[in-house]
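Since the structure of chain D is provided, determine the placement of chains S and Z on it from the hints.
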Amino acid sequence: MAEHNSIWEALGFRKASGVGEAGWGRTLIVAIVSFIYFLPVLFIIFTAFKPQDAALSVPPTLSPTSLFGLIPGQFVFTPTLENFGSVFMRSMTAGGAPEPTGFDRYFFNSIVIASSSVLLALVIGTLAAFGFSRYPLKGNDTYLFIILTTRMLPAIVVIIPVILMFRVVGLSGSYTGIILLYTAFNLAFTIWMMKSFFDELSLDVEDAARIDGSSDTRVFFKIALPQVIAGLAATFVFGLILTWNEFLFALLLSGPDTRTVPVAMNQAVSSGGRGTDWTLLAAIETLFLIPVFLVTFFLQNHLLRGVTFGTVKR
Amino acid sequence: MTVVTKMKGFAAAAGLAATLLTGGASYALAEEVTLTMAVPDWPPTRIMKKFFDEQYKPPSGNKVKLDVDFIPWPDFYTRVNASLTSGEQKYNFIVSDSQWLGAFVEGGYYRKINDLLDADPDFKKTLMSVHPAPLAAYSTYPYKSENYYGFPQFPDVLVTFGRKDILCNEEEQKNFQAKYGKKLPCTGEEIDAMTWDDFKNVGEFFRRKKGEMLAGAPAEDDFYGIAFQAGKGYDFSSMQINGFIWQMGGNIWDETQAPAGQAEGVVNSPQAVAALEKYLSLLEYMPPVAKTGTMDIFKSDELFREGKVAMNIDWIGLGEASLDPKSSKVSDKLVFGQMPGTMVDGKNVKWSNIGGQPFVLTTWTTPEQTKEAVDFVKWWLSDDIQHQFAASGGQSAVKSVYEDPKYVTYRPWNRAWAPQLDWQKDVWHVPQFFELLTQQQDQFDLAITGKQDAKTTLDNIAKFQQDLLKNAGLIQ
Amino acid sequence: MRLSPDNWKLAILAGLAVSAAAVIALPASASFWIIGAVAAMIAAAFVVNAYRRKYYGGLLVAPAIAVLFVMNIFPLLWSLGLSFYAYQSNQQSIRFVGLANYIKVLTNDIMAPANWGALVNTAMFVVLTVTAQMVVGFLLAMLFAKQFPLRKYLLILVLTPMMLSVVASGVFFTYYYDPTFGILSYVVNAITGGQFILMSTKVGAVTGIVFADAWMWSPFVMLLVLAGLVSVPKYLYEAAAIDRVSKWRQFWTITFPYIRGLLMLALLFRTIEAFKLADLVILLTKGGNDTMTISYHLIRIANEQNKTSEGAALSYLMLFMVIVLTNLYLYIANRRSQGA
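Chains as they are written, first to last, in the working numbering: chain D, 1 to 314; chain S, 1 to 476; chain Z, 1 to 340.
Okay, chain D solo, but in the shape it has when bound (with noise of 0.2 Å):
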């Protein structure tokens, strides 16, 4: 293909060059994929731009332009942003005057909750990663199990008691309360992910440095550490999306003032006295994608740099 086209290659579409390069080609096929691959996806961000009786058509519309007649007409719908103000305002009764829907706080709750939580947890679990990959304890294989099995239990097991317990503390509906139990959910993820990351480090020069006569803290922060930095950025998009995404917990643990997007977002598979409404429930995932989206977005340099800087171990 391009590889022996000068034209092609003047236009940028360049020869790969080297180990782990590919060309336009590569490109190509997986931009094909990738693009299957995300339908879906586009298909509820276009459904946000609907009007409201395009949401059910048959046939489905597609898309918002013609694209120059490429389109038959049937699959075009006219973009709207009504469903976008709705999210925020909308009329609560037949024929009421549109009200607060309260959103504007469920978005805010969602972004304090899921990023302090997965922050602490990012803290607290990299600190014991360290701690379980460097200085093993005795039976360390059996505490990082235990770890783990806090993530099998399908929640609603564990819900009553937790939701007892916050009571009597004065927790529940507190924002301090949801926190500190995502901030545990995300534990054994983060713990066993960073813990690999640690595992896969090259122990010379962390040995050589104490030989310098660096301190162990020094160690973890100044060598150790910066070389787990695609581990880090991998893990808080992990415990993001899942925390980000929890519902259960949310559903029953959070007030009227703490309620997160999840939970609200059912207001849309019945709060107008029907069904689903499709392009309010289109609009609401979409603004409520964009965050994690762009976090995703600018954290995947690291994601991608890899474990590059040390030299593995074996």
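Since the hints were made in silico from the structure, they are not lab data.
Values in this document were obtained by computation on a predicted structure and should not be read as measured data.
Even glycine gets a Cβ: it sits at the ideal position worked out from N, Cα and C.
Incorrect hints may have been included.
As the list claims (entries may be wrong) - Just so you have them, the derived chain S footprint on chain Z, three or more residues with Cβ under 8 Å:
{"id": "1", "stretch": "87-93"}
{"id": "2", "stretch": "310-318"}
Unchecked claim - Cross-link-like lysine-lysine pairs, in silico, DSSO-like; alpha carbons within 27 Å at most:
{"id": "3", "chain 1": "Z", "residue 1": "K234", "chain 2": "D", "residue 2": "K222"}
{"id": "4", "chain 1": "Z", "residue 1": "K247", "chain 2": "Z", "residue 2": "K152"}
{"id": "5", "chain 1": "Z", "residue 1": "K54", "chain 2": "D", "residue 2": "K222"}
{"id": "6", "chain 1": "S", "residue 1": "K470", "chain 2": "Z", "residue 2": "K152"}
{"id": "7", "chain 1": "Z", "residue 1": "K202", "chain 2": "S", "residue 2": "K455"}
Leaving out everything else, chains S and Z in the frame of chain D:
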């Protein structure tokens, strides 16, 4: 002492402390009373809250606040159940499906209000002004006993939603008459008079493929005559099937006969089997989603609003969306009537399962709060507020309100409301309702998706109920 | 015994005495806080002790263990305890019954068949979804392993499905599969001219659920594998190219060791999550067409029907299975890595 009882002890003590604290606080100020209420998030509860904020003036002169927690419908039970059973003691009022009464009364969460009724003749008079069928369904546990618990929040019944443009089309009228020798029901009165056989004819008659002629124009998509609930979730087939069973002379397990009343032989009686067979025989005329077990009340409503069916049987609670041109493609083509019935000795029998929800008081509500709560309920059930509620899209089961000639002008389905109220019965109120319901729904689903016949289905249900209720001491 | 801030044995003794006194003398709400303070004091003693002895392992791990204990392990032990009692959360009575709940959920005529059915279905879903995710995730990672133009923009497209909330994606999958409105039926009907109803058979329903789940979570596997792939030093490949090592051998000798640990992690976490599969089933089939899973079944028992003890017993049986399976993974993985 076990860990559990100990934690319960802590909880109880903390609860007591909280009660003392809040009780003390309200005594000190003597004016601010907050009533906390858990409600499903939908128009009827939003209207209630709005009316309260705009209009309610407590006769006591206190400053009363109604703090409403709007919880999305799909998670409402989960949230309320967890709150109640964990001893959170958060809500004073709870909107509750009538089936939940037994489970939560036995748990000690819902407050019996007989003492309040006896202490306040006005209050009693207000509550007794509710039609006896919904009153028994929404307020009594055991069902039809003299123990009262709840007040109607949004009373509801099943009605027939119809498409005037299709049903009254001259061409279709003529062809239907030719084929069945009967008039195709078109007006509300004609729909009221329908039986399930007529309903079936409509289903058979209006099965059109895309492009075939429908009411004088080629159909844009496959079109179906009829729809009703046939879903596996919650109670989305039982509510319809119970109507069939009662109409055709069968019965469900009758808790008012406990402990003498049996499940075996009643639940699977030949009448009940015939009724279920009738119900199943109609499914083939419905949109294809009926074959998946996910045709719930929302799906059939959605199909109707999108113009895919001629007639749908659904709750009035979902009616508002079909009137709204934004969410309905048929908003200007609607006709409403009663649910079809069964001819018994020349009379159209219309037994049907009641829907809607009462709201109840909880046991930890303080005397001050209770006093305000009673005043609030009296206000809520007063003629004026009930009229306003009905005019904004609610329903009223208060006799003087729905018998008022104005009532039928509020909404097009209201003409079917009063006559149907007399035909309402309710399912079990016993604490085991959820076990009974899920097993029954699972079995009905097997029949709906064609995996077993009506007889086997009802035999399985009867056996399960007999065993379960015997263990619970409700059957001897 | 010496009185010093790091004497944790003394701290425990003193703590026990104070707690006991508090429980007897004070109301529960006050003694709860006192016991909490005592626990903090003992923990502090441990920390000081560890610090003085330069026992870093314990120090580093302590905060994590503390949070996990309070928020996770304690409730878990609580429900383990409950599984030996006859207790329903909406009733006040409680009675010790030993193993009766376990026997009941496995052998009772009324309950057991549904439990076993759900267990079998869960096993099926675990195998199908995890396999699909591992395969798709791995292939996607291989596609993205090399550097190529626009890579980061295309990668984010593939990562997006797992960022969706399950409610939204599940509800939209009901739409995609809907026989009247859905895209899938529209396309199939347009081609075959028939009427296609995916969710009306067990095969169709299982396919629908597995597809949605695998679509959402394959990116998770992909990202982990990718993190391993990009960390392979390039000079190893360069050396291999000079030695004319076949691609297949390159993969097994150079690439695989770098991704093995992360593949195992992905397998472990996806298996654990697959056992908890419930929300997609609830949204897509409500357990119809024989797709009931153990987690959904547990929601019914423990939440809808408030049979707390029986739910706890069933969930501990499930936990036992997950533990056996994950241990098996870890055992095999360890043996491999030692052999390598």
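Violating hint indices (sorted, rising): 2, 6
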